[in-house]
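J.: Given next are the chains, with one letter for each unit.
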Amino acid sequence: MRIALRKIEWTLLVVIGGLAVFNLLHTFDLFDRDTQLSEAKKKGYYYKVDADAQTYFGMRVNVDGVIYGEGKLTVYLSTKDLFSVPLFPNRIQVTTDSGEVLSYRTSSGSTGYYKSTGHFTFEQVPENLKSITVHQEAYGQSLSFLIPLEGGSSK
Amino acid sequence: MNLKIVAGHAIRWLLIMAASCTLFVTLFSSSSLRIDQTVRKALNMFEVPFAPITERIKTGQGYELLQIVDKEHGLYHHLFVKKTLGLFWSYRGGGGGRPLDEHTVLEFLWGYSTFGKYRHYYAAGPVNDARIAKLKIMWWDGHEQEADINNGTYIAARSYRIPKEEPEGTSHNHLYAYDVNGVLLYELSDDNRAIKKEG
Numbered sequence: 000m001r002i003a004l005r006k007i008e009w010t011l012l013v014v015i016g017g018l019a020v021f022n023l024l025h026t027f028d029l030f031d032r033d034t035q036l037s038e039a040k041k042k043g044y045y046y047k048v049d050a051d052a053q054t055y056f057g058m059r060v061n062v063d064g065v066i067y068g069e070g071k072l073t074v075y076l077s078t079k080d081l082f083s084v085p086l087f088p089n090r091i092q093v094t095t096d097s098g099e100v101l102s103y104r105t106s107s108g109s110t111g112y113y114k115s116t117g118h119f120t121f122e123q124v125p126e127n128l129k130s131i132t133v134h135q136e137a138y139g140q141s142l143s144f145l146i147p148l149e150g151g152s153s154k
Numbered sequence: 000m001n002l003k004i005v006a007g008h009a010i011r012w013l014l015i016m017a018a019s020c021t022l023f024v025t026l027f028s029s030s031s032l033r034i035d036q037t038v039r040k041a042l043n044m045f046e047v048p049f050a051p052i053t054e055r056i057k058t059g060q061g062y063e064l065l066q067i068v069d070k071e072h073g074l075y076h077h078l079f080v081k082k083t084l085g086l087f088w089s090y091r092g093g094g095g096g097r098p099l100d101e102h103t104v105l106e107f108l109w110g111y112s113t114f115g116k117y118r119h120y121y122a123a124g125p126v127n128d129a130r131i132a133k134l135k136i137m138w139w140d141g142h143e144q145e146a147d148i149n150n151g152t153y154i155a156a157r158s159y160r161i162p163k164e165e166p167e168g169t170s171h172n173h174l175y176a177y178d179v180n181g182v183l184l185y186e187l188s189d190d191n192r193a194i195k196k197e198g
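Going down the list, the sequences are from chains V and B.
Each residue of the first sequence is one higher than the last, beginning at 0 in numbering that gives the first Met the number 0.
Each residue of the second sequence is one higher than the last, beginning at 0 in numbering that gives the first Met the number 0.
Note that these hints are calculated values from the structure, not bench results.
Ideal placement from N, C-alpha and C gives every residue a C-beta, glycine not left out.
One thing to keep in mind: the hints can contain errors.
Calculated lysine-lysine pairs in the PhoX-like style (CA-CA distance at most 25 angstroms, straight line) [said to hold, decoys possible]:
1) B:Lys163 / B:Lys116
2) B:Lys3 / V:Lys6
3) B:Lys40 / V:Lys79
4) B:Lys116 / B:Lys57
5) V:Lys6 / V:Lys129
6) B:Lys196 / B:Lys70
7) B:Lys40 / V:Lys114
8) B:Lys57 / B:Lys40
9) B:Lys133 / B:Lys82
According to the in silico footprint, chain V covers these stretches of chain B (three or more CB under 8 angstroms from chain V) [stated by the list, open to error]:
10) 24-35
11) 101-115
Here are some chain B residues pointing at chain V (derived, C-beta under 7 angstroms) [claimed, not checked]:
12) Ala18
13) Thr21
14) Asn43
15) Glu46
16) Pro48
17) His72
18) Asn149
With the rest of the complex left out, here is chain V:
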């Protein structure tokens, strides 16, 4: 009786535990290799962003970092929500320090337990920008992050 119970427990643990671990891979950034990110860090184009999260349509959104160089701008975002698979913003806009509004060319996002991440890539971005504002507004709700781009990038 006890041996059979142990066998059931181990089987359940392996199956359910295995599925859970598989679902958690994205949360703990295991096997997430972003070659674009590591290359940008080597070239010195990566700017780490340390900001407070903002609430937008039930999402706690935050900007993690920005890659800016060679005419391209990539904004990395993440949303967090404990005990849930958080939603990720559908679109964002970027306004430069000279008032120019940019539209993104490509975007990518993936959701997971507790944390969802993604990025938006803008092309034909003007050079020597001092700062950008990442923002989105709809029906009275908005998010806005001011990101300085001078003073060199962080590794």
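For this one, chain V is given, so just place chain B on it according to the hints.
T.: Then chain B, alone, in the frame of chain V:
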């Protein structure tokens, strides 16, 4: 009883519970026990504000079509939901963010979502003529139904079992608007989808 054996059982069950909770969250994150919470999550996903359900229509196979009219922001949405495991309402499809255009007298917008072997059709749009007392929809296969009119919009839904061989030819659906005396006011179809206000 041997403490080590009991501890072994306890730890294993604790881990099984924790893993089950994680799986439960990933599977049921967009679902909820209460239907308006499911609506809230779906509308957040569309990035539109929350508004209460205007109308619920059962379309069959456990699915329901929800119509949400947001007069304050001039939008309307339709969502398909289903009660999974007999407890949780889950969002299964639909569209949102359609504008409530007050310059449109009547518009015939229809579509469908496929769930398994059934297509769930909906017809919805703005209604801005006080004379219209009855709206009838004639589907391509001869099925007729009356639409519910409220809050400046109408809604009708049905499900259709997809046959093994789809009949050839295009599908034409029609919308007929009648006044209180049964006089035909407007007829809309795929070729003539909307009637706008003059001036």
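J.: Evaluate each hint against the coordinates.
T.: Each hint tested on the structure:
Restraint check for B:Lys163 and B:Lys116: satisfied, since their Cα atoms lie roughly 10 angstroms apart, inside the 25 angstroms limit. Under the criterion of a C-alpha separation no larger than 25 angstroms, the hint pairing B:Lys3 with V:Lys6 is consistent with the structure, at around 17 angstroms. Proximity of B:Lys40 to V:Lys79 is assessed by CA-CA distance (about 15 angstroms); at most 25 angstroms being required, the pair is judged to hold. With a CA separation close to 17 angstroms, the supplied pair B:Lys116 and B:Lys57 stays within the 25 angstroms bound.
Between V:Lys6 and V:Lys129 the CA atoms are separated by roughly 62 angstroms; this puts the pair beyond 25 angstroms, and the hint is violated. A hinted pair counts as satisfied when its Cα atoms are at most 25 angstroms apart, and B:Lys196 with B:Lys70 qualifies at roughly 19 angstroms. Distance check on the hinted pair: B:Lys40 and V:Lys114 sit about 16 angstroms apart at the alpha-carbon level, within 25 angstroms; holds. With a C-alpha separation of about 21 angstroms, the suggested pairing of B:Lys57 with B:Lys40 holds against the 25 angstroms cut-off.
As the CA atoms of B:Lys133 and B:Lys82 are separated by approximately 31 angstroms, the hinted pair breaks the 25 angstroms bound. Note: the region 24-35 of chain B has 4 residues with beta-carbon separation from chain V under 8 angstroms; the three-residue rule is met and the coverage holds. Check result for the region 101-115 of chain B against chain V: violated, 0 residues qualifying (beta carbon to beta carbon below 8 angstroms, three or more required). Among the interface hints, the one on B:Ala18 holds; its C-beta lies about 4 angstroms from the nearest C-beta in chain V, closer than the 7 angstroms criterion.
Given hint, B:Thr21 at the interface with chain V, holds; its Cβ is 4 angstroms from that chain's nearest Cβ, closer than 7 angstroms. A hinted interface residue such as B:Asn43 counts as satisfied when its beta carbon comes closer than 7 angstroms to some beta carbon of chain V; here the least separation is about 4 angstroms, so the hint holds. About 5 angstroms separates the beta-carbon of B:Glu46 from the nearest beta-carbon of chain V, less than 7 angstroms, and the hint is met. The interface hint given for B:Pro48 is met, as the beta carbon of that residue sits about 5 angstroms from the closest beta carbon of chain V, less than 7 angstroms.
For B:His72, the interface hint holds, since its Cβ comes within 7 angstroms of a Cβ in chain V; the closest pair sits about 6 angstroms apart. The interface hint given for B:Asn149 is broken, as the beta carbon of that residue sits about 22 angstroms from the closest beta carbon of chain V, more than 7 angstroms.
Hint violations for this structure: numbers 5, 9, 11 and 18, all remaining hints satisfied.
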